[in-house]
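Add chain B to chain A, keeping to what the hints say.
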Amino acid sequence: MIYFDNSATTKPYPEVIESFMKVTSDYFGNPSSLHGLGVQSEKLLSAARKQIADLLKVKSSEIYFTSGGTEGNNLAIKGAAHAQGNRGKHIITTAIEHPSVEDACQSLTRMGYEITYLPVNEFGQIDVTDLKDALREDTILVSVMHVNNEVGSIQPIVEVGKLLKQYPNVLFHVDNVQGTGKVSLSLREANVDLCTISGHKVHGLKGTGILYVREGVRVDPLFHGGNQETKIRSGTENVAGIVALSKALRISMNNQLLYHDKLQQIKTYLYKGLKEMDGVLVNSPEEGAPHIVNFSVPGLKSEVLLHALESEGIYVSTTSACSSKKRTISKTVDAMFRHSARSESVIRISTTYGNEMEEAKQVLAAIQKIVANLEKIMRVAK
Amino acid sequence: MKFDHIIIRYGEISTKKRNRKGFVDKMKAHIRWSLKDIEGVVLTANRERMYVLLNGADHVPVIDRLKGIFGIQSLSPAIKIERDLEVMKTAALYYLNHTLEEVNTFKITTKRADKDFPYNTDEINRAIGGHLLRNTEDLKVDVKNPDLNLLVEVRREAVYLTGEIIQGAGGLPFGSSGKAMLMLSGGIDSPVAGFLSMKRGLDVEAIHFYSPPFTSERSRQKVIDLAGKLAEINGSMKVHIVPFTEIQLLIQKQIPENYSMTTTRRLMMRVADRIREKEEAMALITGESLGQVASQTMSSMFAINEVTNTPILRPLITMDKTEIIKIARELDTFEISNLPYEDCCTVFTPASPKTKPKREKVNYYESFVDFESLIEKAVSETEILTVKPGQTFDKEEAMEDLF
Numbered sequence: 001m002i003y004f005d006n007s008a009t010t011k012p013y014p015e016v017i018e019s020f021m022k023v024t025s026d027y028f029g030n031p032s033s034l035h036g037l038g039v040q041s042e043k044l045l046s047a048a049r050k051q052i053a054d055l056l057k058v059k060s061s062e063i064y065f066t067s068g069g070t071e072g073n074n075l076a077i078k079g080a081a082h083a084q085g086n087r088g089k090h091i092i093t094t095a096i097e098h099p100s101v102e103d104a105c106q107s108l109t110r111m112g113y114e115i116t117y118l119p120v121n122e123f124g125q126i127d128v129t130d131l132k133d134a135l136r137e138d139t140i141l142v143s144v145m146h147v148n149n150e151v152g153s154i155q156p157i158v159e160v161g162k163l164l165k166q167y168p169n170v171l172f173h174v175d176n177v178q179g180t181g182k183v184s185l186s187l188r189e190a191n192v193d194l195c196t197i198s199g200h201k202v203h204g205l206k207g208t209g210i211l212y213v214r215e216g217v218r219v220d221p222l223f224h225g226g227n228q229e230t231k232i233r234s235g236t237e238n239v240a241g242i243v244a245l246s247k248a249l250r251i252s253m254n255n256q257l258l259y260h261d262k263l264q265q266i267k268t269y270l271y272k273g274l275k276e277m278d279g280v281l282v283n284s285p286e287e288g289a290p291h292i293v294n295f296s297v298p299g300l301k302s303e304v305l306l307h308a309l310e311s312e313g314i315y316v317s318t319t320s321a322c323s324s325k326k327r328t329i330s331k332t333v334d335a336m337f338r339h340s341a342r343s344e345s346v347i348r349i350s351t352t353y354g355n356e357m358e359e360a361k362q363v364l365a366a367i368q369k370i371v372a373n374l375e376k377i378m379r380v381a382k
Numbered sequence: 001m002k003f004d005h006i007i008i009r010y011g012e013i014s015t016k017k018r019n020r021k022g023f024v025d026k027m028k029a030h031i032r033w034s035l036k037d038i039e040g041v042v043l044t045a046n047r048e049r050m051y052v053l054l055n056g057a058d059h060v061p062v063i064d065r066l067k068g069i070f071g072i073q074s075l076s077p078a079i080k081i082e083r084d085l086e087v088m089k090t091a092a093l094y095y096l097n098h099t100l101e102e103v104n105t106f107k108i109t110t111k112r113a114d115k116d117f118p119y120n121t122d123e124i125n126r127a128i129g130g131h132l133l134r135n136t137e138d139l140k141v142d143v144k145n146p147d148l149n150l151l152v153e154v155r156r157e158a159v160y161l162t163g164e165i166i167q168g169a170g171g172l173p174f175g176s177s178g179k180a181m182l183m184l185s186g187g188i189d190s191p192v193a194g195f196l197s198m199k200r201g202l203d204v205e206a207i208h209f210y211s212p213p214f215t216s217e218r219s220r221q222k223v224i225d226l227a228g229k230l231a232e233i234n235g236s237m238k239v240h241i242v243p244f245t246e247i248q249l250l251i252q253k254q255i256p257e258n259y260s261m262t263t264t265r266r267l268m269m270r271v272a273d274r275i276r277e278k279e280e281a282m283a284l285i286t287g288e289s290l291g292q293v294a295s296q297t298m299s300s301m302f303a304i305n306e307v308t309n310t311p312i313l314r315p316l317i318t319m320d321k322t323e324i325i326k327i328a329r330e331l332d333t334f335e336i337s338n339l340p341y342e343d344c345c346t347v348f349t350p351a352s353p354k355t356k357p358k359r360e361k362v363n364y365y366e367s368f369v370d371f372e373s374l375i376e377k378a379v380s381e382t383e384i385l386t387v388k389p390g391q392t393f394d395k396e397e398a399m400e401d402l403f
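In order, the protein sequence lines correspond to chains A and B.
Under the working numbering, the first residue of the first sequence carries the number 1, and numbering increases by one thereafter.
Under the working numbering, the first residue of the second sequence carries the number 1, and numbering increases by one thereafter.
For reference, chain A alone in the conformation it holds in the complex (with noise of 0.2 Å):
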């Protein structure tokens, strides 16, 4: 089995599991309690939330521990909205958000708020001159993913951050899901003023998340209840969960170090590769994230090949995983290129560490074979 969908999900460390099963079964205390086992529980939840702040260089008092991406997207955009709404109404993100930012948005303007949707230009990025000029007197919050879910372009987090820090009453979001591990992102360079991460997109386990909130930013909680995690997220912690993640994030970037370089020539090679093949089209840009290739093969839709490269054994996905069930076309892709056939017909190659070249040849023989057959077919239907 070749596993090319690390950015659907990534499999779990065995240590992870490991760290997991262990707290789960013998600290299984509430940390709320009083007694020795919430404390002991309470100590395991600070010193994984010490570890997370230390490899993200920010204070532990930043750190929250949400569900996973979804709900640390939901929580930064309304969370921030309903917080800041007294002062304005206007939210700018991007084209090519992952659905938890564009609809968590959505649902705002309901009560009355107006979103501005930057364009992304062939390569996948947003121009900071389009940020500038849609930044307004009422404009409360900034969405920008870091790295793409769908072609893994990498956004100028950086001069966003910068430029803001001009409008001190403007917020800064930024979806890290696919870059933490991948790509280095500082979020005290970049001004960061809330930082969504999930665990297991950097192999921790389902149901865990961050979301680093600023010192002195405020957001309103999407939970009520217990007031747990400064009363921005009630509900009790799930702290094998958040140990695995302090563990995984740890493996992930330690990983990043020692492994970029190979991430990066497998890309290289898939991305060349691909790119020199008859009927392909190549949606990531060259300079994107060293995980994701993403390609296009117009008049062939994205299901039968997919299913065509299962039956080798081979996974991936079509569009973004979360969106891969509704049958439609590629939002980044089309938002992109304004091509609809390329744009139906898009499949999505995601590394992680671990992965080998040797995979890598195979997967593009592989789909070297499928695509010339198929056409043969599809010619003859036509």
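Calculated from the structure, these hints are not laboratory results.
Mixed in with the good hints there might be a few duds.
Unchecked claim - Facing chain A, from chain B, some residues (calculated, C-beta under 10 Å): (1) Y119; (2) D332; (3) E335; (4) M399; (5) E400.
Said to hold, decoys possible - Calculated pairs, PhoX-like style, for lysine-lysine (alpha carbon to alpha carbon, straight line, at most 25 Å): (6) B/K26 / B/K89; (7) A/K59 / B/K26; (8) B/K140 / A/K162; (9) A/K50 / B/K67; (10) B/K26 / A/K57; (11) A/K50 / B/K326; (12) B/K238 / A/K50; (13) A/K57 / B/K326; (14) B/K2 / B/K36; (15) A/K50 / B/K36; (16) B/K67 / A/K59; (17) A/K50 / B/K388.
What the hints assert, rightly or not - Some chain B residues well away from chain A (every beta-carbon gap over 10 Å; in silico): (18) G130; (19) M282; (20) T308; (21) T386; (22) L402.
Even glycine gets a Cβ: it sits at the ideal position worked out from N, Cα and C.
This is chain B only, laid out in the frame that chain A set:
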């Protein structure tokens, strides 16, 4: 282009005369310790300054660590380059672009120790200044009060560039003032008192009074977390955890309620003083601030202080609560201290403690009770932990594997 060395200026040590060497050696040892895991760096010292030669190491983490070391007045990164005007221009621009603080105005001061250098100081100033202005936006010259005074020193062997002055922590080198015991309650004040004492060169160990089941394990954990914060300064902190329940129960039973607080404080002093003697320290440190609570009025201190003639250092005595909180926030201890767990001071506090206790009275009440054996017992059963920076678990090392 890279930074070559960091210049360290001494603070108060430079006012010392014959005993200066002792201070400098202490500081040298501390700097060496704090940089021990950074490869390549070498420390040299003379009577006026120290130099950290970077030998290829990145200067930012080195400066970050040096900033926390007591005894250092200020720091300046420096570049060493060949004697070539073009290289000097490039290096000056590099220096300007790599300062820690933003620079909006600058001036150039050239010293030409080697008069054979083909350009004179004016020519050098103008060449470099022009180069900086051409290659930056919004940068201005200000010869009176510049953000950066870039010093160019032309010597026979090389040219040195420096200028940014980064404030150090001040104070006196670690351990140069001997050892003292800090009464660490878990509140906001005592960690600040500990920090300020360390700043004056004291080697500080902590004493905490622990009264289970009246105080929770969380309050003990809080003290370990606080010690872990203070340990960041010197690498570790010894914490003496005194089992205090028996003594407190006896006080509750035998001493009239309005004097129980005074007696409790007196007994804490006695136990702490005994531990101090064992550890060969020379003072006790408290976080007392005059008049803050009943035990910190002048009369209370007069009554409590009677039990020992060991110097009691009270670094916060004249500070307002807001000033103390400000330091606690800078130290990152405020949030730990502010967690709402019962500690030994709060559980047994009487509803109306005496704010003006009298020595005669407290002595009279205590004369009916034999505390001595319990003090002995508390001292001998004291648990000693060595807390490392950022340490969260006191014993359970097995837990570390989970991360």
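Results of checking the hints against the structure:
1. Y119: violated (37 Å)
2. D332: holds (8 Å)
3. E335: At about 6 Å, which falls below the 10 Å cut-off, the nearest Cβ of chain A leaves the hint on B/E335 intact, so it holds.
4. M399: Since chain A brings a Cβ to about 7 Å from B/M399, closer than 10 Å, the hint holds.
5. E400: B/E400 check passes; min Cβ-Cβ to chain A is 8 Å, inside 10 Å.
6. B/K26 / B/K89: Since the Cα atoms of B/K26 and B/K89 sit roughly 39 Å apart, the hinted pair is violated (cutoff 25 Å).
7. A/K59 / B/K26: violated (32 Å)
8. B/K140 / A/K162: The given pair, whose Cα atoms are some 22 Å apart, holds under the 25 Å limit.
9. A/K50 / B/K67: Between A/K50 and B/K67 the Cα gap is close to 22 Å, so the pair holds against 25 Å.
10. B/K26 / A/K57: Not satisfied, since the Cα-Cα distance of roughly 31 Å exceeds 25 Å.
11. A/K50 / B/K326: Since the Cα atoms of A/K50 and B/K326 sit roughly 22 Å apart, the hinted pair holds (cutoff 25 Å).
12. B/K238 / A/K50: holds (22 Å)
13. A/K57 / B/K326: Holds, because 23 Å separates the two Cα atoms, which is no more than 25 Å.
14. B/K2 / B/K36: holds (21 Å)
15. A/K50 / B/K36: Answer holds: A/K50 to B/K36 is near 24 Å, not above 25 Å.
16. B/K67 / A/K59: Roughly 19 Å separates the two Cα atoms, so the pair holds.
17. A/K50 / B/K388: holds (15 Å)
18. G130: Non-interface label on B/G130 holds, nearest chain A Cβ at 27 Å vs cutoff 10 Å.
19. M282: With a cut-off of 10 Å, B/M282 remains clear of chain A, as the shortest Cβ separation is near 35 Å.
20. T308: Check passes; 34 Å lies beyond 10 Å.
21. T386: holds (18 Å)
22. L402: Per Cβ check, B/L402 is inside 10 Å of chain A; nearest 5 Å; violated.
When each numbered hint is compared with the structure, violations occur for hints 1, 6, 7, 10, 22.
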